[in-house]
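As they're listed, the protein sequences go chains W and B. If you read the first sequence in the working numbering, its first letter stands for residue 5, the second for the next number, and so on. If you read the second sequence in the working numbering, its first letter stands for residue 5, the second for the next number, and so on.
Incorrect hints may have been included.
Because identical chains cannot be distinguished in the list, a pair is counted as satisfied if it fits within a single copy or across any two copies.
[Stated by the list, open to error] With a Cα cut of at most 20 Å, we get these calculated EDC-like pairs of lysine to aspartate or glutamate: (1) K437 with E407; (2) K74 with E407; (3) K319 with D409; (4) K400 with D434; (5) K381 with D371; (6) K45 with D371.
In short, the hints are calculated from the structure, not lab data.
There are 2 protein chains.
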Amino acid sequence: MQLKFKVIPGSITTPLGFRAAGVFCDIKQLGTGKGSDKGRKRDLALLVSDVPATVAGLFTTNQVSAAPVKISAARAEQGIAQAVVANSGNANACTGAPGLKDAERMTLIAARRLNLAPEQVLACSTGRIGLRLPMDRVKQGIEAAAPLLSADAQSGHDLAEAIMTTDTRPKEVAVELQLGGKTARIAGVCKGAGMIQPGMSLTGARPAARPLHATMLCFITTDAAATQPALRAALTEAVAQSFNRITVDGDMSTNDSVILLANGQAGNAPLNVKAAGRADLARFQEALNHVALELAKMIVRDGEGASRFITVRLKGAQSFTDADTAARAVANSPLVRTSWYGGDPNWGRIMGALGYSSAKIVEAKVDIGYSEPGGRKILYALKAGRATTVKMAALKRLTELKEFDVHINLNLGTSQAVIYSADLTEEYVDFNKGE
Amino acid sequence: MQLKFKVIPGSITTPLGFRAAGVFCDIKQLGTGKGSDKGRKRDLALLVSDVPATVAGLFTTNQVSAAPVKISAARAEQGIAQAVVANSGNANACTGAPGLKDAERMTLIAARRLNLAPEQVLACSTGRIGLRLPMDRVKQGIEAAAPLLSADAQSGHDLAEAIMTTDTRPKEVAVELQLGGKTARIAGVCKGAGMIQPGMSLTGARPAARPLHATMLCFITTDAAATQPALRAALTEAVAQSFNRITVDGDMSTNDSVILLANGQAGNAPLNVKAAGRADLARFQEALNHVALELAKMIVRDGEGASRFITVRLKGAQSFTDADTAARAVANSPLVRTSWYGGDPNWGRIMGALGYSSAKIVEAKVDIGYSEPGGRKILYALKAGRATTVKMAALKRLTELKEFDVHINLNLGTSQAVIYSADLTEEYVDFNKGE
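With the hints as constraints, model all of the structure from the sequences given.
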């Protein structure tokens, strides 16, 4: 298959008409309680479009959602936005009415500084739950960031750093595509690391296959023109096959947010869901899916303490809900995840997890195998519920890879699901045991 | 409240008319792949009643159940049994029809040696999944154990050792009570450690509040006389408030089994569910509940790598299912459990877990507090969704205890649930990463 888009170097500012900045304002030092001896880390980001952009946003379905999520979800619903202000080091979650005021003020300060209406500014926060935002530092940060806003790639990289929490590296992707004879670009940036199993939706209603749990933040910019319905539909599909299919620890965050801004600077005819626009929309979708999936995989590979990247490919389920539930039971089982860490092809633990999931399983029908990432040659440890004669050493050669696939066939139906997951290591425990 | 029973020293052989033995037959060395340099460990156990006993058994509701579970569940259903043969080091799970034959043969060998009908012998296995039982060793073990069967306490202790896998210590409780003027005894023994979140039932139907996941084995003997309906009802209630309320890692095993034998040697009028027998049955229930709960707590305290024992007390839910689901979401969250390990009162992670559970939660209503074990003085970190002014240091004094309670009030209804749980440590990961 020929790709209809091209991966290009760049950052969130690669699409025309976007500027970014990422600065230090010392929320991280406060919020995480880490001493200042760790050195300052960027923790305040601004992203601005030169012109009002069509916006779509998907947010956590956790019943406990952070103040910035509540505000941004309502504003994204309006369909037009021009800026995002974000901080790391403090989630502004479980902070009640005062927290909501803080989030609103954060957008107000940014709006004033950028000469925008506050309703056109979205906010995101990530970090420790339950602490009030240090608003003096937020204000300082916004004041410092605004004059640095720039369309050069480095400003995008600075933003990528400023939204990081326990991430060990920034996560960015950019692509270029043709839309009706015009060149358009899509670029994304995200952060993840822990509390990662997003289940996001446009409406607050949980996706059909309900995941359990990250804070992940993702901003995607494009200079394509798009109608709101087209943009919402495209982002929903892109998230469904990427961020909503990953798990690091099975813990869904209060702050997960994916925000897509389309500012039309590429000059294409606006993408729309009508028949006439289908071909362009399909091309845009394919490119957007790629951006979202690459970013989602980066989150898993950089998951807290993760030493291996495992793709669970489950098929033969009676329904998609069954496929999704069974794959997540495997990917979130502490016993399965520790065996992956050890490079141990312990398919018995996988069977145990399948069996206790609420998905329909018939022991005597289950196949379990391993392959290289995306590999077509599957080495089966179990066929129809019985151990094969494949040698442990041969299975181990696969499960000792940094990345491998687990193939499960329930042989009960035609539904399938893929989950991208990480192993459970001592480092994860050490990292999260507190200060 | 005056206890209607008395805790006494002893073992599974304390009730009249029971004999036990626990011997070495080297299944463990094989099954776990550990080298023989680790020293031999008892791995084959026999438990025999001098006379046919009324039996009740609750077994895992995992859809993938081990061969001995399938056999024992069917035989327990018949209502009369006289012996149990058990091995550790190999779960005889995911072994298909040959595994089922092995389990059957295990009971047949024991039955012959003990002069019983095979249908009166139940079997239990625990250990690695997916390996065939080494039947020659099983046979050797049974032959070695039979002549050692004895009613002295030490034989019960030997049995307690022989069913251990990753347990660091044997787990035994015995009590004495009066039933209609006669002295009766109840004694229990169990093993646990990892793959612990049982959800057992008499019928294979999952309990209303469906837990996710251990291998735990438990044998309870009593010299009380009881009808089958009374014994089944009593065991169901005892398990519902003990083993089905614990979690070590949220992984439900393929082998969980609780078997209760009542041989009537105390000479009481048989316990029954009719009006006339209610007082005795209630007294028996209270004592049985104590035995089951003490054993269940021992499993959590000796959970793989566990460094703290935490009781999650959740109330104010709209239904018992909501209460149970929310309490389990908290007790199984990797982020919550690692914060417990660190002695960190990170209630924000608890809120996150409540919010992603499928239980109904209203952020602005939730209270979260901490106390000493069973303590009535609760220190609230969160009231009506907002952080209180209680100092972190005061909360830490509680969460740094080896045992503490977490109190959650959803303030939405009158249902409650308790879950006994352990923290997530590096040792757990190290232990389970394979060989």
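Hint by hint, here is what the structure shows:
no., hint, in the structure
1, K437 with E407, "between (27 Å within a copy, 16 Å between copies)"
2, K74 with E407, "neither (37 Å within a copy, 37 Å between copies)"
3, K319 with D409, "within (13 Å within a copy, 42 Å between copies)"
4, K400 with D434, "between (27 Å within a copy, 18 Å between copies)"
5, K381 with D371, "within (14 Å within a copy, 53 Å between copies)"
6, K45 with D371, "neither (48 Å within a copy, 34 Å between copies)"
Violated hints, listed in ascending order, are 2 and 6; each of the other numbered hints is respected by the structure.
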